[in-house]
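The chain contents come next:
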Amino acid sequence: MARIIAGIGSSHVPAIGAAIDNGKTEEPYWKRIFSGFEKSQAWMRETKPDVAIIVYNDHASAFSVEMIPTFALGCAAEFPPADEGWGPRPVPTVQGYPPLASHIAQSVILEEFDLTICNKMEVDHGMTVPMNLLFGKVDKNSHWPCPVIPLAVNVVMYPPPTGHRCYMLGKAIRKAVESYPEDLNVVIFGTGGLSHQISGPRAGLINSKWDKAFLDNLSKDPQKLAKVPHVDYMREAGAEGIEMVMWLVMRGALDDKVDEVYRFYTVPASNTAVGHIILANRPRPAKPAGRHKPAAKHKPAAKHKRAAARAKPVLIRSR
Amino acid sequence: MARKQQVYDDIPGTFVFDAERSRQGFGINMFCMSLMKDENRRAFKANEPEYLKRFGLTPEQTDAILKRDYNRMLELGGNIYFTAKLGATDGHSFQHLAALMTGNTQEGYAKMMLGGGRSVEGNRSRSGKDAPAPLVAGGTPKKAVAKTKPKPNAKTAAKSKSKPKPKSAKRK
Chain A
1 MARIIAGIGS
11 SHVPAIGAAI
21 DNGKTEEPYW
31 KRIFSGFEKS
41 QAWMRETKPD
51 VAIIVYNDHA
61 SAFSVEMIPT
71 FALGCAAEFP
81 PADEGWGPRP
91 VPTVQGYPPL
101 ASHIAQSVIL
111 EEFDLTICNK
121 MEVDHGMTVP
131 MNLLFGKVDK
141 NSHWPCPVIP
151 LAVNVVMYPP
161 PTGHRCYMLG
171 KAIRKAVESY
181 PEDLNVVIFG
191 TGGLSHQISG
201 PRAGLINSKW
211 DKAFLDNLSK
221 DPQKLAKVPH
231 VDYMREAGAE
241 GIEMVMWLVM
251 RGALDDKVDE
261 VYRFYTVPAS
271 NTAVGHIILA
281 NRPRPAKPAG
291 RHKPAAKHKP
301 AAKHKRAAAR
311 AKPVLIRSR
Chain B
320 MARKQQVYDD
330 IPGTFVFDAE
340 RSRQGFGINM
350 FCMSLMKDEN
360 RRAFKANEPE
370 YLKRFGLTPE
380 QTDAILKRDY
390 NRMLELGGNI
400 YFTAKLGATD
410 GHSFQHLAAL
420 MTGNTQEGYA
430 KMMLGGGRSV
440 EGNRSRSGKD
450 APAPLVAGGT
460 PKKAVAKTKP
470 KPNAKTAAKS
480 KSKPKPKSAK
490 RK
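Sequence order for the protein chains is A and B.
For what it's worth, the working numbering labels the leading residue of the first sequence as 1, then goes sequentially.
For what it's worth, the working numbering labels the leading residue of the second sequence as 320, then goes sequentially.
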């Protein structure tokens, strides 16, 4: 069966993509940012996922204001990079994985999450920048290392889905993945954020204290995070900081208890605080079949006392 | 029609692009979206007022666009990801727009960002709601979690395993 093995959170700042595309990654300003992803790229090469589900948002590229789907799942065979006004980014077309994508669509909709299905869709920096950060630069004529299932979330028009809704969708996605028969290792990305505001007189807002609390809770107490109201994100982390709810889809798709493999944080990348985290599900003991964890069950997230001992060789700590 | 006040309208210096503004600003945003095409950019630049007639804008919206009053565009329903396309059509970097919106110079804005950005302190509320949100307030009572004693095997595993290094230690 397919299984989700890890979740990745990453900012998707467009200027990061521009720095890659224009060969500026060695400039000190950008190197500060890219160096924070070197270990992650090594981790990714070692992890070799078969499929990545990437939760991201479109920025007036594939979706304008004519149609604003709250959750849109990409079921196409491929997703070309969108022209965001400077020509499409010089990255390969993203290959989809339609069999699993349509399985997820059917499963999740019957779990009462009313997805929009996209059988044709272009993807913008919201998706391709995190791919570059985790997979490295990939020549336009080459291939990304694994197929991708995009999940576009409306975080541009208020209200986006609540953090709790995102979290529960993650759980439904996990259930869908685990009911898919093919033997696949799947990773899931939550992208966007962290704190930033790019609109209005308050533009430039950054709140590192908030960001740290967000990452801490994402790792250890996501249910608490899932209760944070939108206005708190907007007030504390900036009008556009509300993108962070997308990380909760990723977190919901993971085990309640995860290992934090890696974390990186730096300010700024253009107008934004860059945050990055890798959370890994713990290896599951070989179990007699049939142990299904019901997604809706509220299990207390025991804080404190982690089972510290799980042998976990891939842990890399950021300093 | 007066805008219905929302809880987030209390956030200073911020025009939240909500469903009401989305409807109100449809023309502004569709105009900006049209600038993705070169032929449209050229038509706009050739005669701005004439080109804008295609989009059903109000006089206030037209005026804000012609004056490049980005804050006013946001207030009247523009969204930043869309209005940024107008800035790009004018040949400006995003930072230029940010400086305009914040009443700063571009250099001053860039410097603020390098210095860690604009602080949230003093920038949370128009009405004095300056207390940090619970997530960052620190002393919030952890929501009492029913203590089930779930993971017996995690416990025993922890015991038997010799790995004492708390891998999730508080990172600084």
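If you're looking for bench data, these hints aren't it; they were derived computationally from the structure.
Backbone N, C-alpha and C fix where the C-beta goes; we use that ideal spot for every residue, glycine too.
There may be inaccurate statements among the hints.
Claimed, not checked - Straight-line alpha carbon distances no greater than 30 Å define the calculated DSS-like cross-link-like pairs of lysine-lysine that follow: (1) K224/A - K257/A; (2) K356/B - K120/A; (3) K372/B - K404/B; (4) K356/B - K227/A; (5) K220/A - K448/B; (6) K356/B - K224/A; (7) K404/B - K24/A; (8) K48/A - K227/A; (9) K323/B - K120/A; (10) K209/A - K120/A; (11) K227/A - K31/A.
What the hints assert, rightly or not - Residues from chain B that keep clear of chain A, each with C-beta distances beyond 10 Å, as calculated: (12) Q324; (13) Y327; (14) D337; (15) N348; (16) K364; (17) E367; (18) P368; (19) E369; (20) T377; (21) D382; (22) L393; (23) E426; (24) R443; (25) K448.
Claimed, not checked - Each pair of labels, with its calculated beta carbon distance range: (26) R342/B - E111/A: 27 to 33 Å; (27) E46/A - N366/B: 35 to 41 Å; (28) N185/A - D449/B: 42 to 48 Å; (29) D183/A - E440/B: 49 to 55 Å.
Q) Looking at R443/B again, its CB stays over 10 Å from all of chain A? A) violated (5 Å)
Q. For Q324/B, is the shortest beta carbon distance to chain A beyond 10 Å?
A. Holds, since 13 Å exceeds 10 Å.
Q) Is the distance from the Cβ of R342/B to the Cβ of E111/A consistent with 27 to 33 Å? A) Holds, at about 31 Å.
Q) Since K448/B was said not to touch the interface, does its Cβ keep a gap of more than 10 Å from each Cβ of chain A? A) violated (8 Å)
Q) Once the closest CB in chain A is found, is it more than 10 Å from D337/B? A) Violated: least Cβ distance 4 Å, not greater than 10 Å.
(Q) I want to verify a distance hint. Is the separation of the beta carbons of E46/A and N366/B within 35 to 41 Å? (A) Roughly 58 Å apart at Cβ, these two residues miss the hinted range, so it is violated.
(Q) For a C-alpha distance cap of 30 Å, please report whether K209/A and K120/A respect it. (A) Measuring from Cα to Cα gives roughly 40 Å; hence the hint is violated.
Q: Report holds if the minimum CB distance from E367/B to chain A is greater than 10 Å, and violated otherwise.
A: Given that every Cβ of chain A is farther than 10 Å from that of E367/B, nearest at about 18 Å, it holds.
Q: Mind checking the alpha carbons of K372/B and K404/B for me, to see if they're no more than 30 Å apart?
A: OK: K372/B and K404/B at ~18 Å, within 30 Å.
Q. Does 49 to 55 Å hold as the CB distance between D183/A and E440/B, or does it fail?
A. Distance hint for D183/A, E440/B holds at roughly 52 Å.
Q | Restraint status (C-alpha distance of K227/A to K31/A at most 30 Å) | A | violated (36 Å)
Q) Keeping to a limit of 30 Å between CA atoms, is the pair of K48/A and K227/A held or broken? A) violated (33 Å)
Checked against the numbered hints given earlier, the structure breaks hints 4, 6, 8, 9, 10, 11, 13, 14, 15, 22, 24, 25 and 27 and satisfies all the rest.
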